[in-house]
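Protein chains in written order, with my numbering: chain D, 1 to 168; chain A, 1 to 298.
Hints in this document: simulated from the structure, not taken from any laboratory.
Be a bit skeptical, because a hint or two may be false.
What the hints assert, rightly or not - Coverage of chain A stretches by chain D, computed from C-beta distances (three or more under 8 angstroms per stretch; other residues unrestricted): (1) 28-34; (2) 112-118; (3) 221-230.
Stated by the list, open to error - Counterexamples of contact, computed for chain D against chain A with all Cβ distances above 10 angstroms: (4) Arg-3; (5) Ala-14; (6) Lys-43; (7) Val-46; (8) Pro-56; (9) Pro-57; (10) Asp-58; (11) Ala-59; (12) Tyr-60; (13) Ser-138; (14) Ile-150.
The structure displayed is predicted, hence computed values, not measured ones.
Yeah, the Cβ is synthetic: ideal placement off N, Cα and C, and Gly gets one too.
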Amino acid sequence: MQRRDAEFTEYVAARRTHLRRTAYLMCGDWHTADDLVQTALAKLYVAWPRIHRDVPPDAYVRRILVRANIDESRRPWRRERATEELPESPAEETFAVEDREQVRAALARLAPGQRTAVVLRYWAGLSVEEVARDMECSIGTVKSQTARAIARLRDQLSALEPTPRRES
Amino acid sequence: MTEKNLHDLLNDLCADPPTSDQLPGDDIRRGRRLLRRRRVALGGTTLASVAVLAVGVTLAPDVLSADGGASDSGVTSTQQALSDGEILEGCAVADEQFRDATDPAKAGGGTDPIDDWRVEVSGLNDRGVTAVLVSPDRERYAFCGLDERGSEYGDYYRHGVDVVPPSFDVWVQYDRERCEPSDPESGRCLAWYAGGLAPAEVDRVTFRTPDGEVTEADVSNGYYVWTAESEGRVDETKPVWATFYDADDEQLARRNANAASGEGPVKQCSRTEGDDTIVWTVPEVQTCADGSEDSGSR
């Protein structure tokens, strides 16, 4: 148990921030993201001896995050949540605040599967095959979900300049 | 918006996470708690199994005489059927996105909204509906997947009958998120779905999944949709055999509908129409649709 704890602690210390960011981009809320990460890490701890030996822990945790997030999005109270209502964001450094809000709103309008596909593909940098494995669906589904998500985002964010801070 | 821009936008969005209130060791405590629960549950299951076995040995003759020994697993879906109107409404949203993202005219699907199209055939699974929609002139059709709320889920495309004509070519898709295992604690399952337009003589289409189960597609005027669930650890890369029958139950064709799952060899088909050359890809084991010509394997 001591060895498991030491290895697990080392992994969490190195990857927690990345996992929180991944979860946040998938669900759009930091509190929910923390819940998802906690759930995923508890399951990772249970499976650690097998996971650590057979598969990269990141891939295992991502799959749990994806599944937990989609389950979460199916809950009745989640369904009734207004997607236009945006949580407060911390002060921004790279893009103008209104741009960040626009990105957040555009992401929130995507279906959960589309959002997950975009985050894994374009933020985490995974291949289509890896995204399909994480989402446990076929490659064709990932491609179609991603294409339509990109089209929607492009439509909503076309006015944004992806350049550093714009002074108001 | 380029891929890099999108990456930068997403990166910026999550660049400043709020401080986590997690203490060192919280994750390990939660993990240990879950581990203990799992062990207790496993022990409980084992004890229950022994008890059931013991009771079963004692009561087996009576039980068997009462119900013939058969136990129907009775997979009941909580899924409520969506009306045709709800299907059309959900698919219209998917169609709008599809027209934004691609050029449906290339596949002969046209660019007009699908408001006046009708649901030709639809099939239910645990968490959604798969449907084929047909235009009023029946010259174009769309394949549409929706979740249980009537929102787009999975694949959507629209074609012209003249560009993608009836054929035995079929591609199956799968999704583990789209089914409910009968044992939610330890079970795993996988939802399969497919659809298309078969030649006019086709009356019945069956699919055999890797677990050996054979299920029927819903067929209407050559259009068909198929959904099924496989329980347990199913290898999604294994063949899924689609068999096409005519009205006399004669087999017309048999195809591996899972040959294009991303691996496996494919070949190009092409057809010339006027000044245009239409090119598409099919699994190597399948034939190109009528009027097409193989341009070699790759």
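Against the structure, the hints come out as follows:
| no. | hint | verdict |
| --- | --- | --- |
| 1 | 28-34 | holds (count 6) |
| 2 | 112-118 | violated (count 0) |
| 3 | 221-230 | violated (count 0) |
| 4 | Arg-3 | 13 angstroms, holds |
| 5 | Ala-14 | 13 angstroms, holds |
| 6 | Lys-43 | 7 angstroms, violated |
| 7 | Val-46 | 5 angstroms, violated |
| 8 | Pro-56 | 18 angstroms, holds |
| 9 | Pro-57 | 12 angstroms, holds |
| 10 | Asp-58 | 15 angstroms, holds |
| 11 | Ala-59 | 15 angstroms, holds |
| 12 | Tyr-60 | 13 angstroms, holds |
| 13 | Ser-138 | 5 angstroms, violated |
| 14 | Ile-150 | 7 angstroms, violated |
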